[in-house]
Each structure stands twice: as C-alpha cells, then as structure tokens.
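Chains as they are written, first to last, in our numbering: chain A, 1 to 388; chain B, 1 to 227; chain C, 1 to 390.
Hints in this document: simulated from the structure, not taken from any laboratory.
Cβ coordinates follow ideal geometry from the N, Cα and C atoms, glycine included.
Some clues are possibly wrong.
Chain B side only, calculated, beta carbon under 8 Å to chain A, not exhaustive [what the hints assert, rightly or not]:
#1 Thr-36
#2 Leu-52
#3 Val-67
#4 Gly-70
#5 Arg-72
#6 Glu-75
#7 Gly-79
#8 Ala-82
#9 Arg-83
#10 Tyr-91
#11 Leu-102
#12 Pro-111
#13 Leu-113
#14 Leu-114
Pairwise CB distance ranges (calculated) [unchecked claim]:
#15 B/Asp-140 / A/Thr-379: 32 to 38 Å
#16 B/Tyr-15 / A/Gly-269: 16 to 22 Å
#17 A/Pro-328 / C/Thr-374: 28 to 34 Å
#18 A/Arg-258 / C/Val-354: 23 to 29 Å
#19 A/Thr-379 / C/Thr-293: 35 to 41 Å
#20 A/Arg-5 / B/Glu-210: 54 to 60 Å
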Amino acid sequence: MTLGRLILRNTMRRPVRLGLTVGGLAMVVLAFGLIRLTLDQWQASSRAALKNRLITVHAMSDELRLPLAYKDRLTVIPGARTVHFGSVFGGVYQDPKQSFGSFAEQASTFFETYPEVVLSDAERLAFLQDRRGCIIGHRLAARFGWKVGEAITLKGTVYPGDWELVVRGIFRSTSPNVMGEGELYLHWAYANERLKTTEPDRADQVGWFVVRAADGINGQTVAEAIDASFANSSAETRTESEQAYFAGWVARSGALLRGLEWMSGIINGIALLVLVNALAMAVRERTREYAVIKTLGFQPLHLVSLVLGESLLLALLGGGFGLVLLFPAAQLYAVMTQDRGYVASYSITTETMGMCLGVMLLVGLLAAVWPAIRLIRMTTLEGLRHAG
Amino acid sequence: MYDPVVTLQRILKVYFRAGTEVSVLRDLSFSIPAGTFLAIMGPSGSGKSTLLNLMAGIDRPTSGVVVVAGTRLHELSEGDMARWRARHIGYVFQSYNLIPVLTAAENVELPLLLTHLSRSERTDHVKTALRLVGLGDRMDHYPRQLSGGQEQRVGLARAIVSDPTMILADEPTGNLDRESAEDILTLFGRLNRELGKTIVMVTHDPRAAERAQLIRHLEKGVLETPP
Amino acid sequence: MMLWGAYSLRNLWARRVTTAFTVAGMGLVVFVFLAVLMLAHGLERTLGKTGDPANAILLRKGALSEIDSSISRDHAKIIALQSGIKQTLEGRPVAVSEIGLQLTLRKAKERSLASLSLRGTSHDAFAVRPKVRLAQGRLWEPGTTEIMVGAQVAKQFPEAGLHHVLNFGNRAWTVVGVFDADGSGFDSEVWGDAEQFMATFHRTAFSSMTVRLTRPDALAQVKEPLERDPRFNLSVKREPDYYEGKAESLAKMIRVTGLFLTAVFSIGAIMGATMTMSAAVAQRTTEIGTLRTLGFTRLAILQTFLIESMALGASAGLLGIAGASFLQSVTISTVNWDTGSEIAFGFYLSPVMVGLALLFAVLMSMVGGLIPATRAARLEVVQALGERTV
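With the hints as constraints, model all of the structure from the sequences given.
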C-alpha cells in the first residue's frame, strides 16, 4: 500500500459526491472548452492566412471602392507577382435572412491567387469559359441542394437586379479558415458589365486588390510601396498582408472577445468553488482520520499531499470527462451557430485540450489550499475530539 | 533500552475554558521503569487522558519536563515530534479509529510507510502483527466487516507493527463487551510479558486495571502515592 | 405541521462555509446568465430606440442598407412633397435627405481599425428626429467641413472628441458639437453636411430619405404612391423597423453563445447544489429520525430540505443580481457584423430580467435539492436513528 492508494480510496469513498463533483467540473470544462474553441476560431483565420498575399483597400472607408484603373499601376510595383481584384457581390437567394457570402472576382487570376481552392480541371475550365458561370463551396451547395450545371437566380443588393447564374463547379478548400467553403464566386467582368447600364457611376470600381508578392520578397515592403504610390490621390489605399487584414477584423470585435475571455475566467471560478466545497466537506468528515494519521507520526506535509492528491485527481477526472463531452458538444454548438457569420466549424486542437487540462490542474491546486491550511493548523488533539 | 522509559518532572497543565483557568495536572512528577504494564485510573475529568497524551507527544505541558524514551519532548518541534512518535509510540484509541477505506492489513501497514522498509518487509511485519492479535485470516477485511473487538485488535496490531518503545492505550476496552475486552487485555499482558513492552493504559474500569502490573490513581490532577 | 423557516435558515448558517461556497458558485452562474441577457437586451434596445415610429425611411428597392441605396437629388425634391409627410408652419416638409457612409479610423489607444458610421445630412435631421439633441458645442455650419459626433463616439473615440480634427479625403474636419441621441444607435454616428460628404466620397446621389409622417398611421399614405411610382424605384419602411434588424447577427451570437454556455454550466451548479444538500441530509440523518419520531411527516421533512435548498438558490440569485447590476455602467463598443461599423451599447437590466434571474436561481437550487430532499423524506425512522453519525 502507498499513500497514493489511500488518496484513490478516499476519492472513491462517496460515489454520489464523486459523481456530482466530477460532473460539475466536467460541465465547467465543457463550457470553458467551447469558449476556447470560439476564440480559437476567431484567431484561426488570421493565423492560417498567407503573409505574402496582400490586400489593398480604400484607406478612407470599408465601403468605398477603388478605381479599376489602379490595376495597371499595381502591376508595375516592384515585387508584385500577380494582381487580382474583386468586390462584394451581395447576392440574395430567395430570403434575405438566409444570407451567404458572394463575391465578384476577376476569373483569370482567381485560381492563381487562391491556390487553396480545390476544383477539377474540367469544372475550372467550364467556369472560366462561361461569363455567367459561378463556383460555389461544397457547404453552400449542400445547404441549398445546388448541383453543377444548375441555373440559380440571385437578387443583387450591391449590384442591383436579378442575376441568372449557372453553377459551373463545386469546390473544397485546403484551408477553410481562409478560403471558406460556404461562399459563391462569379465573374467580376459580368457583374460590372451590367452595372455600366444600371448605375454607370459605380461601374469600373473594385472592392479590393489582392497582390501576391513574388517569392523571396518581403510583403511589407511591397505593401508600403503600394500605399506610397497612391498617397495624396483622390482614393488613398491601405495595404496589409492578408494575415494583418483578418487580424484587424477580429480586433474590431475585441470587446466581445474580451467578454468571452472574462466569461472563461468566471466559469473557472465556478469550478474552483465546486471543488473547494467538495474537498471541504470531505476533509471535515475525515478530520478524525487525519488526526489519527498524525498521531501515528505522519507529518503535516503528508496530510497536505493526501488532500492535494485528491484535489488533483478530482480535477483531472472532471477535466477528462469534460473533454470527452466536448467533442459531441462542439458538434452541436457548431450546428447551432452555423451561418451566423462567425463560425464555420470547430476542430478541437491538442492545444485546446492541453489548455482545458492545464486550467483544471490549476483549479485542483488552488482548491486544495484552503482545506490544506486548515489541516496544517489543526492540532492532533482537536482532530481526535472532532465529532465528524 | 531506555530506563526509565518515562520521566515526568513538575508537570503543570492548565486549560483556558470560557475565560477561566482550569488546572488539569498539578505539579506531577513520576517515572515509569522499562517493561512496566501500568494502568492509570481515575474518574473522568481527572486528567488521565491528558497525562497519556503528554507521554504520547500529541500534547504539551504548560510547564515541567517530559522525557520519554530518552528525548526531552517539550523541546521538539511539531515535525520532530511527529517523527519521534512514529519511532517510539504505539497508540491504541478507545474508538479504534481505523481508516474505513483501508483493509485491516492496510491499516496496520500505515505506520510502516514512515519507515524505510521495503514492500515485502512491510508485508511480513503486517502479517506477523495481525497473527499476533489472532487476525491472520482477516487481513483483507474492511473495518466495517469486523466486530468491535476485531477492530480493536487491528488497532493494537497497528500500534505494535513498527515495534515502538512504548504502547499507550486510552480506554482501549471502553467500547467493548466483556469478552472482547478480556481478549484485548490478555493481548496486552502477553505483549508485556513475552515481548517486554512498556504499556501505559488509561482506564476507569477496575477490572481492566487489575490486569496491569501496577495501578496508579489520578484524582483531580494529583497522582496518589502508591500504598 | 410546518418545520421550515427558522430551522432551515439556521441549518444553512450552521454550515456557513459550505453554504457560502455553494451560493458563490451558483451566484456566478446567475451573474453570467444575467450578463448575457443584459447585453443582448442592451443591444436590441439601442437599435430599437433608433428611429421613431412617426418616421418613415425611404431606400432604393432591394437595398438592404443605406450603403447599397441611392436616391437622386432631383427625386428627393419631388418625394418631399408627397402628401402624408408632415410640414412645418411655414409649409416646408419635415424630411431629410441623407447619405450613409463609413469612415475607417485607427483607434489611437488600441491601434486597431474601426469603422465609424458617417451621416451626411442637414439641420432638418433634428426636426425629423426630435429625440436627438445638442449636448455640447454647437451645430455644424452648412457648407463647411464642420462635423458633430454622437455621445458614444465622443466617449469611445477620444480622437474624435469635441474640438478635435479628423483628417480624411484630404480635408480637415473639425468636431464642433456632440449630440445626445437618448441611447439609440445614432449615438454611434458622426453627422455633417451632406454636400461636403458627397463631394469627399465622390457621390452624386443621396442614399436615403427620412420623413416625418403627419400622423404615425399615415405610413400607407406615403408608402403606396411612392412604391408604385416607377420613376423612383423605392421601398418605404417605418424607421424603427428598418433599424431593428440591423444587428441581428450580433444579437443572435450573444444569445446563442451566451445561453448555450449558461445552460452548460448551470448543470454544473445544479450538481454543486445537489452535493451540498446531500451532505446536509447525510449529516443530519439522526436528526431527521428524531424529527420523524416527534411526529413530523415525510412531507414536512421534504419541505424543510427543499426550502433550505431554495434559500440557497435565492441568496445566489440575489448575489448574482447584485453583481450584474454593477454592469449597468459598462458600455461595449464593437463592430456590428451586419453593417461593418462600430456600435456602442450597454448592459440593460429590466425588472423582468431580475425576476427571470431569481427564478432561474431558485429553479436551479430546486432541481439540485430535489433528490437529496426526497431521500431525506424516504428515510425510515428506525434506520435513521440507528445510523452512526461519526
């Protein structure tokens, strides 16, 4: 026998309380895990984004567009390999509440700019050859049941009018956090052509340019060169790496992210209270036993290790159980929050799991402090007289 | 061997209860020669348990000198006192105080965890101790599966397993029926005679005290001089 | 015969350490639950207050926001004469043609970007929206690059405070006044001269018109003829209806995420309450036996423990409410995903929510206390008395 076995037996002593404690802790770990997943998801896009893909937008306003004519000037910036551009299309299918992202992009440079897009050669060619064609992510296809070759009608918001498009390809993405799988892409040239007749003063404008820096060239230098070349013009630009651009968007929701972080801290407080409560009850019930153990010649440190061991064991059991629950719960959570515009999917990384367990270890350590101090302070005589 | 095992000099023990001073032991001095089986008798409140606890190193006198097994106890720190207890004292409680989640053998093994014995040596010691108290066949029983008398015998085995200098017992038969009490007292007698253990037993039961070699009476904190 | 009241409460007090831990744990759950409700409600309230039911907003048909919309100057002049639109004593229509824009601003402190809503308008805006009033400084001089900012902009963006200068479009814009829009979304906007904004943003058309109706029920009188007129291609909505859905994604995110998480860890808190009450029952087994012997019924025992548990819950509820009430002074400023621009809103606490939180807390504790209380009530007298309590 070792003290370890005594810790184990003590922990298992009251099965109902054990179940409730572990269950309570598991719920907290579950909630904590879900918050971490949400936060991870937010950060994921900017982490996976490419550093040498630069995004040039209008410096003054998110909604202002840049003149198409900038394209020629961008092409001659040293270090710029390809210059691609696109705009928000803002297509609505049937119900405006069922929104999804739709973008008008220059088709000829699209695939070179976004190598994440996985599409068969045949579908790729079909899209390039059909000006009224579009390609859609497989998640969008699944959502509306769209097939390749199907004609769909979208109502334009940014580009007014009804738009008849033909699905020419359904793609997957090698990096869904950067290149989503729930969006639609169509030919910018086609969208622009009709705008020339409906709203000519908004034609020949693009929402953004995407410049791929040539290999071995520092993207930052290229970005600075771009912004310098348009400084003091009627439409100044702001160029950032795709990574910085995404990070900037995430930062705009900073207050919400901080709220979530607060929440994840608070719920660990709940875990702490549940565990301290369970330990305090156990220690009080066993005061006499601890005093007997002390009488036998054990040191206060031995008693502390008994309590600490039990605390850590409970915390880890709770943490482990919570992690097991996290997998199905994350699925459910993903379904509930789908298409709210902020989360695509949840993947539980080892980092998240490590964080959950790490926090539980900390909770386990902290929870033992107070009961342990009480044990250290307890004199053997008081303990022996304790009625239980 | 320490002889005498216990030497108490001018012991004073005072408690403060509800603002008033209560002296439990008053200027008490005596010694216990090695190999004695001593019974200390007295009504409740006479201070006999306090006296035992002073000898066991789980309580300290207000003033006076306590020398047990050659050690001046009142000079030890808490930690050193615990180490000293592990080495020299086997304590038997009135209400057995076994750890309910441990088997008889594990309960007996508990004090051995503080020694440097190997696992197999520990098992040997535990078996010897449990056989000595007649429970060789109850090793894997949990306390709740044992009768009161059996529980106390496990308590006794726990007290002797680490071969302490002295065994101290606080009303060891107080919770037991006559027959079980006799068994325990017989065991004490054997330990004293056959193994030469020094035993100090506190009791208010004259029939239990009779089994000891020597009986001393404690009355209101003062030890009566033997006739 | 009733056993509760003093008896239950004294028992809670006797085990005050455990009681305190349980109450604190559940209190935190109530706090988060309430915080989520307050935030979602605060956001909806901010948007709900944006716009006046006596106003109608006119946008291009199909446009989901002012940014997609356009109304030409010529049309605007004709539209303002439509009957059903209120007129001043001098016979001028109470209507304002506006342009909605966004301005990207780098926050000085955090160095992060933010989009401010820019509203190019005229002084008529104050006639159309009487709830918006001047709080500091003065109105902008028409035809100049003077601007005013909403109260929340002044608070969240110190660099856009009174007397500060913003630079955009190669021009300098001086903040000459701060307006208070009564906690509505307008508080997160920057207002200035429509013509100046149009020139700077290279726009030739307005994006929307907001008109005051003669009577709140005169909407149809304005809506039908204007929507039918093929020249204008307009859609007409009541002003609050238009703004209400403007932060749906954000509100849903707060609700879904917040309540999902609250649901998850309220289960944890219920388990904590069950644990505490189970310990209470276990500790008092003999006591329960004694009470039963004295003639108390099983129901009385059940009631005692349930009441004790609910007292735990009620205290937790009060603790959570007290904590959450401090949030009322906190304002959150974040990007509105539906519009892309910054919106500030607070935590709003209503009496209904206080009741809801209390109910939630008591319900949690009732569920948690039910099993232990039932067990206590089911104890056989002899068995309870025979149980060793040590």
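Margin query: Of all the hints numbered above, which does this structure not satisfy? Sort the numbers upward.
Written below: 1, 2, 3, 4, 5, 6, 16 and 20
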